[in-house]
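The opening residue of the sequence shown carries number 93 in the numbering used here; numbering runs sequentially from there.
Hints listed in this document are in silico derivations from the structure and should not be mistaken for laboratory results. Watch out, some of these pointers could steer you wrong.
Listed below are the simulated DSS-like cross-link pairs for lysine-lysine, each with C-alpha atoms no more than 27 Å apart in a straight line [what the hints assert, rightly or not]: (1) 218 <-> 282; (2) 94 <-> 282; (3) 218 <-> 205; (4) 264 <-> 218; (5) 264 <-> 282; (6) 205 <-> 264; (7) 208 <-> 218; (8) 282 <-> 205; (9) 218 <-> 94; (10) 182 <-> 94; (11) 146 <-> 94; (12) 118 <-> 153; (13) 182 <-> 118; (14) 182 <-> 264; (15) 208 <-> 264; (16) 282 <-> 146; (17) 146 <-> 218; (18) 94 <-> 208; (19) 208 <-> 118; (20) 153 <-> 218.
Here are the simulated distance ranges between beta carbons [to be verified]: (21) 151 <-> 120: 39 to 47 Å; (22) 117 <-> 203: 30 to 38 Å; (23) 148 <-> 183: 44 to 52 Å; (24) 209 <-> 280: 20 to 28 Å; (25) 124 <-> 207: 17 to 25 Å; (26) 117 <-> 207: 36 to 44 Å; (27) 138 <-> 238: 21 to 29 Å.
We put the CB at the ideal spot given by N, CA and C, even for glycine.
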Amino acid sequence: MKNIPYILIAIRFLLAPIIFFLAYVKGEESRFVILALMFIGLLTDIFDGIIARKVGVSTEKLRRLDSQVDLVFWLSLGLATYFLNSELIKSHWLSIALIFIMEGLCYIISILKFGKETCTHAFLSKMWGLSLLIAFTYLIGFQQAGWAFHLTIILGIVSHIDVILIILILPKWQYDVPSFYRAWQIRQGKQRKKTTFFN
Numbered sequence: 093m094k095n096i097p098y099i100l101i102a103i104r105f106l107l108a109p110i111i112f113f114l115a116y117v118k119g120e121e122s123r124f125v126i127l128a129l130m131f132i133g134l135l136t137d138i139f140d141g142i143i144a145r146k147v148g149v150s151t152e153k154l155r156r157l158d159s160q161v162d163l164v165f166w167l168s169l170g171l172a173t174y175f176l177n178s179e180l181i182k183s184h185w186l187s188i189a190l191i192f193i194m195e196g197l198c199y200i201i202s203i204l205k206f207g208k209e210t211c212t213h214a215f216l217s218k219m220w221g222l223s224l225l226i227a228f229t230y231l232i233g234f235q236q237a238g239w240a241f242h243l244t245i246i247l248g249i250v251s252h253i254d255v256i257l258i259i260l261i262l263p264k265w266q267y268d269v270p271s272f273y274r275a276w277q278i279r280q281g282k283q284r285k286k287t288t289f290f291n
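Please model the entire structure based on the sequences and the hints provided.
Encoded structure:
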């Protein structure tokens, strides 16, 4: 049981190159297979955290690994979306570039301050992840951007601001910090509460 969270993370990691390959080589005919793999990846992301806490292996090492694999997984979906809908993505390149810049800033600020990458697993970041799921479903499955795309851009900006504030406020590096408000409480010396939301 203690190995299951690592196995689920490994599955998600292996799905990334498969998604990339299908989109690049198979193109249009792979759309719905990619969507199916995306939802499988989401399920592994949900259950690795739940099982890790149940069996007592929700460690810093596991959480950091989970964060980095999440990044690889979602990047593979972003690249797949570009291969399948290049003109649609190009028409929204400014907002997409802004998200990439903010993601990079989170890493840069965290590494400069703590010498480690960010690993907050914040609540708003989870909401952004769900919005990405919806946006990619529209983009890959139906070749549409619409409200789902704009929602994920807005949530992406807000969630990244939240993460940057968490990093700036925390007195020392810490994983699983749900919000900048919680980071402020930690800075004030209040006891950390165990988080219950998954991932």
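Results of checking the hints against the structure:
1. 218 <-> 282: 24 Å, holds
2. 94 <-> 282: 31 Å, violated
3. 218 <-> 205: Holds, at roughly 24 Å.
4. 264 <-> 218: It holds: about 22 Å lies between the C-alpha atoms, which stays within 27 Å.
5. 264 <-> 282: 14 Å, holds
6. 205 <-> 264: 9 Å, holds
7. 208 <-> 218: 21 Å, holds
8. 282 <-> 205: 22 Å, holds
9. 218 <-> 94: 24 Å, holds
10. 182 <-> 94: 44 Å, violated
11. 146 <-> 94: Status holds; Cα separation ~9 Å.
12. 118 <-> 153: 36 Å, violated
13. 182 <-> 118: Between residue 182 and residue 118 the Cα gap is close to 21 Å, so the pair holds against 27 Å.
14. 182 <-> 264: Violated. Residue 182 to residue 264 sits at ~39 Å, over the 27 Å cutoff.
15. 208 <-> 264: 11 Å, holds
16. 282 <-> 146: 25 Å, holds
17. 146 <-> 218: 20 Å, holds
18. 94 <-> 208: Roughly 25 Å between the alpha carbons, so the hint for residue 94 and residue 208 holds.
19. 208 <-> 118: Roughly 38 Å between the alpha carbons, so the hint for residue 208 and residue 118 is violated.
20. 153 <-> 218: 20 Å, holds
21. 151 <-> 120: 39 to 47 Å: 42 Å, holds
22. 117 <-> 203: 30 to 38 Å: 35 Å Cβ-Cβ, so the 30 to 38 Å window holds.
23. 148 <-> 183: 44 to 52 Å: 48 Å, holds
24. 209 <-> 280: 20 to 28 Å: Holds, since residue 209 and residue 280 (Cβ atoms, about 25 Å apart) stay within the stated range.
25. 124 <-> 207: 17 to 25 Å: This hint is violated: roughly 43 Å between Cβ atoms.
26. 117 <-> 207: 36 to 44 Å: 39 Å Cβ-Cβ, so the 36 to 44 Å window holds.
27. 138 <-> 238: 21 to 29 Å: 26 Å, holds
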